[in-house]
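Asks: As a plain string of letters, each chain reads:
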Amino acid sequence: MPSEKRGEMVELAGKDSLKSIPHKILEEAYKAGAASDEERAGTFFHIDTSTVYSRVNELFKGKVELMDIKVALQKYQWLSDYMWSAVPREGDAFTRRVAEDFSGGYFLRILPDAEVTFPLQSCMVITQENLEQRLHNIIIAEENSKAHLITSCLQHSTVTSATHIGVTEIYVKRGAYLNSTMVHQWREESMVRPRSAAIINENGTFVSNYICLRPVRDVQMYPVAYCMGEGSKAIFNSILYGHRNTFMDIGSKAILEGRESRAEMISRAVTREGSKIIVRGSIEGNGQDCKGHLECKGLILDDESFLQSIPELTARSKSIEITHEAAVGRISEKEIVYLMTRKLSREQAVSLIIRGFMDAGIMGLPETLSDEINRIIDIAAKV
Amino acid sequence: MYLLEVADLKVKVENRIILDGVSFGLKSGEIHILFGPNGSGKTTLIGTIIGLPTYEVVSGRILFMGEDITGKSVDERAKFGIGVGFQNPPEIAGVKLGDLLKFCLGKSLEDEFSEEEMRLIEAFRLKDFLKRETHVGFSGGERKRSEILQLLFLKPKVLLLDEPDSGVDVESLKIIAGEIQRYIESSGASALIITHKGDILEYVNAKYGCVLLNGKIHCFTDPKHVYEDIKREGYEGCIKCQVKSEEKW
Ligand SMILES: Nc1ncnc2c1ncn2[C@@H]1O[C@H](COP(=O)(O)OP(=O)(O)OP(=O)(O)O)[C@@H](O)[C@H]1O
Ligand SMILES: [Mg+2]
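Chains P and R supply the protein sequences, listed in that same order.
Mapping the first sequence onto the working numbering, position 111 (from 1) lands on 111, and the numbers just tick up by one.
Mapping the second sequence onto the working numbering, position 138 (from 1) lands on 138, and the numbers just tick up by one.
Keep in mind the hints are simulated off the structure, nothing from the lab.
All C-beta atoms in this analysis are idealised placements derived from N, C-alpha and C, irrespective of residue type, glycine included.
A hint or two may mislead.
As the list claims (entries may be wrong) - Pairs of lysine-lysine, BS3-like flavour, derived with a Cα cap of 25 Å: (1) 27(R) - 72(R); (2) 127(R) - 197(R); (3) 131(R) - 297(P); (4) 79(R) - 174(R); (5) 155(R) - 27(R); (6) 334(P) - 72(R); (7) 334(P) - 131(R); (8) 334(P) - 231(R); (9) 146(P) - 24(P); (10) 131(R) - 102(R); (11) 297(P) - 240(R); (12) 131(R) - 157(R); (13) 10(R) - 334(P); (14) 334(P) - 207(R); (15) 334(P) - 157(R); (16) 155(R) - 334(P); (17) 334(P) - 12(R); (18) 216(R) - 231(R); (19) 207(R) - 224(R); (20) 207(R) - 155(R); (21) 72(R) - 155(R); (22) 72(R) - 96(R); (23) 79(R) - 102(R); (24) 240(R) - 334(P); (25) 334(P) - 102(R).
Claimed, not checked - Partner residues are not named here, just some residues of chain R that face chain P (Cβ under 10 Å, in silico): (26) 74; (27) 77; (28) 78; (29) 133; (30) 153; (31) 154.
Go ahead and model the full structure; you've got the sequences and the hints to work with.
Replies: Right, dumping it as structure tokens:
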């Protein structure tokens, strides 16, 4: 095997500045959407098997705690109660592997009543060939807090093959709002198994946005949101772009237990160049007066690719109202030709429509965040 | 010399002949009005000239500045300078109107609109629509205003306008038609305007009016006269009077 195929080891210079992180990795992190300034409320870098950088900006002291999970577990006895409370330890082979041994992960806690306007960001990076990265993250959004989190997971461009298993457990307390965006930028030979679950209490809202635009060998995940509290809400949005033989099996599940709890799921999937995407969505209405809506739209661009939408709606009470809307198929020829009358070539028209199809606008996020996500999509779509 | 010339055009849609030998020519600076009942093939004619795949040319030719463009693709025709304002433009989800307008102007997305461009956007009352997805949730009149503004930004040599006035309020019509007239005067472009109504004739200086009926074009005379005739005699009655101008239309 040629030597440049092997990943470079990362030298850790210290944990107090982003400058301690090798330039190349930072650059790739920016490409994956990480913001380049240090003005963020909190920034966390886990590279391969160690936490390299973890800092909460002075401005946000007293609002947010962000640290390595292993450090946090030593600091807070009570934290162990949150380990494996949302995601089952024995869930599958991957959760068992993380339970056996993991290299780290982040513990993020948004303190009661705190409001964080800048998105917090975390980056999970793989730089070693054939590494199996195992992480365990815990997020606690304390009562009446409000925050945005952007997590970028990426792989150094010299690494071709790696495995990432990330367990993330999310607790949204009463009246809290947590908006979590995950951007995956893996490489063609990566296998990725995120395992996450959220427990949402009374009037809490959990928004999960998932964006995967770079080719990847195999991603499979099926995060679950348990809407336990009255008036709790779970929203899942995903933008999936499968090209160059990507395989993605992406689902999301909401279990509505609390009275008047809500779930919304919106996904956009584009598949081409021999890629295969399965989009699952399941909303289970158990409590009184629960409502849910699931929307899946997909474009397939060639005969070598595959696209499947599998919605599942379950009701266990006559007060339940759950709906769904799905469409898979070709790009509208009418739209392409229309844009061609505006002097765009067919290729330009197709990419503009695809770009529009994947626009963060579908996510109904506040403008700053949706601009941020669009910036990420633009960067990723150019690579 | 004609900017645009259509010669004995026969066009099929879904295996049915819709245009059965249509001929006309447009010269620089001229505006022509095309009337005709619903379903007579007016939209088909415009769609065929720009090259939409729905319309199959059975025979005849389309010439742009003397060059046969019958076999050219839609974007090539647009780049030559043929611009269409559609009767029913589609929604383009996720594509902001502001971005699309920049594409029409040949700008890149980072570029700003010039003062003159902003003036037009404001005149068309579309400033608040720049960040909205193109035509998604637009009212009928808003869609029309967007369509004509895009067309003007494309700076075409020939404007093909399919009912630019339908569903448009009185004030907007005055603005839209006024800007079309201004553009034609200043650029020497020409226009073919499809309409069912006479109001637009108050604002544009149209040379000829004609009627598309039974796959053919009839009557070549003052558009106000044609419109009054249609109102009085109906389309069939109108074409019976056989008033024709000497010039080939
Ligand atoms: N895609 C299509 N499939 C089948 N028939 C079509 C299609 N497009 C047009 N036609 C038919 O061709 C004929 C001409 O349609 P066209 O749209 O050109 O009429 P028009 O003169 O523009 O009418 P209007 O005044 O109502 O806009 C109509 O009978 C119409 O139903
Ligand atoms: Mg029509």
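Asks: Can you give the numbers of the hints that this structure goes against, from lowest to highest?
Replies: 2, 4, 8, 9, 11, 12, 14, 22, 24
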